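Chemist: Each protein sequence line maps, in turn, to chains A, B and C.
Taken in order, the first sequence gives residues 1 to 287; the numbers are from the numbering used here.
Taken in order, the second sequence gives residues 1 to 286; the numbers are from the numbering used here.
Taken in order, the third sequence gives residues 1 to 295; the numbers are from the numbering used here.
Calculated directly from the structure, the hints in this document are not laboratory data.
Nothing here was measured: the structure is a model prediction, and the numbers come from that model.
All C-beta atoms, glycine included, are put in the ideal place defined by N, C-alpha and C.
Do not take every clue at face value.
Listed below are several chain B residues computed to face chain A (Cβ distance under 10 Å; list not exhaustive) [said to hold, decoys possible]:
(1) Thr66
(2) Gln70
(3) Tyr100
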Amino acid sequence: MSMLLDWWAAYESTLAFAIVNAFFALSTYAVMATGILSFATVAFAAVGGFLGVQLLAQLGLPLWIVLPGSAVGGCAAALLVSVVFLRLESHWLALASLALILITRILVLNAPALTGGVNGLSVPVEAPFWLLLVLLASVSVGFWRLSVSWYGIAARAVREDPAVAGSLGIAPKTIQLIGFAISGAMGGLGGVLLAMTLQFVSPETYYIPVAFTMIAAVVLGGSYHWTGAIIGALVFTALPQIMQAVVPQVQNVANGLALLLIMIMLPRGLIDPRAWRIRRALRDARR
Amino acid sequence: MAHSPRSARCSPVSDTRPILALTGVAKSFGGVHAVSDISFDIAHGSVAGLMGPNGAGKTTVINLITGLLQHDTGRISLDGADLSGSPPQEIARLGIARTYQNVRLFSGMTSLEQVVAGGFLRRSTSMLASFFGTSSARQAMKRTQDEALALLERVGMADRANVLAEALSYGEQRRIEIARALGSHPKLLLLDEPTAGMNAAESQMIGRLLHELRDGGLSILMVEHNIRLVSDFCDHVAVMNFGRKLTEGTPAACLAHPEVQEAYFGRKRTPPSESESHAQRARAHG
Amino acid sequence: MQLLLEQVVNGCAIGALYGLFAIGFGLVFATLGILNAAHGTYASFAAIAGYYAVVYLGLPFVPAMVLGVITGAVLAVIVDQIAFQPLRKRGAGMLGALITSIAFWMILDSLAGLATEQQSLSFPAGTYPTWIIMAGSVPLPAMQVIAIVSLVVVTVAIHWLITRSRLGAAMRAVGWNETAAQLGGVNPRLVILATASLAGATSGLAGVLGGISTNNVSFTLGEGMLLKGFAAVVVGGYDDVRGAAVAGVGLGVAEVLSAQYISTSMRDAITYALLLSFLVLRPRGLFGRTSFMRA
C-alpha cells in the first residue's frame, strides 16, 4: 500500500500534465479531423487560460462557471480566427496559425493589466486530479458521439477529399468551421486547466513548445481516431520523464530519436483504424 | 448488338423541356481554352453521352456543371434554374450527383460507409440530434444504412459491404462510386468514364444498370470512350474535340459524322493511355 | 539623417540574413511541401562549423564560410533522407514530415548545445574582414556589405535557376504535382536532393554571417532565425524567392528603425503586426499567385 502511495506521489503530476495535454491534443485533433493542420490551439488556450485566471482570481467565481467560461472564450476566439483562416489554402493556414501564436504572445506581453505581462500571474486555485479525470471522461464521451454522428461522417469525407465531399452536398467550410469551434472550446478548457495545474501563467506558458507538443502528441497517437490524441498525449508527456530518468545527459536527443523512430515505423500513429481494418480483411481472406 | 427496346425511343431533345441545358459555356485556364462555346441539352429521363478524344475538355464540362470549376461565360441551368456561381454542395442539393474519371473514394472507409456518406443530403435528421443520438436520429441513421445496403445490392456489391474500399478492384471501386452518387437520390447523374478499367461483362452490367435507372426516372450524362457502350446505351450523344462541340445527335448519326470519324478513327485507335489522361487532368487543374 | 541612413543600412544587413534564411525555408515549403522545424538548426551548425574552422583549424574567412555553407547543405540532405524520405515513400504527406522535422530539431538543437557547451561563442577578432567602405558620409562595414551582396547574388541566382533552368522547371512542377513532374522526364529524387541542399546551403550562409555579425554562435542562433525567417516567408510569399528576400530586408529595416525610434520592446510587436496584416490583407504574400482548388 505504501509503495502504491509513493508511486502515486511520484507520478500524479505527470499524469495531471498528461491529461491537460490530452485536451490540447483533442483540440488539435478536432480541426485535423476536418483536414486542417492548425497550431491555433495555443492561442485559444491563452484566451481560455487568462480569461479563466481572471475569473478565478479577480472575480472569485466558482469552477463550475470558470471552466465553461474558458471553453466559451476559446470557442469565440476560434470562430473569430476561423473567419480569416478558412479563406486560406491549407499550407497558408498552417503558417498563419503559427504566426497567430507569435502574435498572441506579443499581445499577452503588452496587456499586463489582464495578463500580468512579463511577470505572469499566479493562480490561486489548483485543479484537483479527480476533476481532470472527470472532465477528460466527459469530453471523451463527446468525441465518441461526434465520431459516430453525421458530423463525424461528414468530417471524414471532408478530410479525405473536400471536393468530393462538396459534390455529395457536404459543405466543407461549414464542417471546418464547426471543427474550429470544437477546437476552440477544447483549447480554452485546456488553457485554464494548464494554468490551474501549473498554478502560474505567463506569456511563455502558451507558446511554441506547447504547439509542438500537442501536434506531436496527435500525430504520434494517431490523427485518424480521437483516442489517438489521448494516447499520444500520455506517451508524449511520459517520454521525457522516462528519458530524464534513463539518459539524463542527452534526454532531448533521446526524445527526438524516439519520436523519429515511431513516426517512421508508424506514420499514421499508434491508433490507426484503417490498419486494423486492413489486418482484419487479411485475416478474413486467409480463412 | 444488345439493343434494349427502350433505346429506340430516343426522343428528339427539342420537344421536351431539358433537365440540363448548357448554353455557350466557355472556360479557359490562363489563356488556354479548355472549353469554348459549348451548348447542349439533356432530355428528362434520357441517357446522354459526351464523347471525344482525350483532352477534348469532357471532364472540364463535368467539373463546370458540378460547380467544381466556374465557367467564364455562358449559362448552365438545371430544370431552368441557373447554376452559375453556386458552390458544389448547393448544386448537389439541387439534385446533381457525379462520379470521377480517376475513382475518388474516401480512404479508410468501407464500401457501406462510402455509400452512407453519399446519403448525407437525405439523412432527414440534424447533425445535433445525431450527436445526441435521439431515437428519431437513430432510426433515420438505420434507414440510411438500409438504403445504402440496397444501393450496394443494386450495383452488385452487397457482399463487399464491410470491405475497405482500397481493397477492392478498380471495377468494383467504380461501382461503389456509382452507389455513393445514387445515395443522394439525384435527378441527374454525371458519370465520368464509368467503365474505364472494366471488362466487357462488367461494362454491359453498368450499361444495363443505367437503363434501369433511366427507366426509374433518372437522367444521366456519361463521358465515355467505349464506343460500343455509347452506341448501345446512349439515347443522345454530343461529341467534343479541342474544347468545342463537333456535333450532336443519335449515337449512329454522330459516329457517322465525318469530323467525328476523323477525330476518332483518323488517327490510330489506341486505348486511352495514362499519360494522356494525366495531361488532361493537369489541364483541368489549370 | 545620418543616423537614419546608418540604421537603414543596419536594417538591410540584418534583413539580408533573414531573407537568406527565408529563401531556403520557403523553397522547401513550396517545392517539397514540408514545414521544416529543423531548418534553423542548419544555421546553428553552419555557424558552429565556421567557428571551429577558424579557431581550431586556423582557416581564413572565406574557406570557413564555404565550410559552413557545405555543413548546412550536408545536414539538410541528411535530415531529408532520414526524416522525410521514408515518409515520402509511403505518401504520408506534410504532417508526418512536420513531426519528424520537430524530432530532428530536438536532436540537433541538443547536439548544438553540447557542441558549444551551452555557451554563446563569438568569432575572435581578426578572423573576419572588418574593412569599411564609405558611401558618402555613411560607413558600410564589411560584414554588412557581405550580407547584402550575398542576399542579392543568392536571390538572383536561385530565381534564375527556378524560372529559367530545366531543374528549376522540375522544382516548380514537383511543387505543383509530383506525377506531372515525373511525366516531364525529371527524376524527382534529384529535384528533392537539389532543393534540400540549396535550402541547407542558404540557411548555412545566413548562419555563418549571422554568427559573426551578432556575436552569437550557439543553438539559439537558429531558433531566432527560424521565427524571423518564417515571418519573412509569410510576408513575402513562400512560392517566390524574390518575395522572401524583399520581405526579409523589409522586416530587418522595420525592426531596426522601430527599435531606434519607437521602443526596443515594440520591435517584435512591429514584426508580427506586419505579419498579421499581411495574413489578413494579402494572404499570399508580396509576390503570391492565385492557385486553383484541386478539381
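Chemist: A separate judgement is required for each hint: does it hold in the structure or not?
Modeler: Hints, one by one, checked against the model:
no.	hint	result
1	Thr66	5 Å, holds
2	Gln70	13 Å, violated
3	Tyr100	7 Å, holds
Violation of the numbered hints given earlier is confined to hint 2; every other hint is satisfied by the structure.
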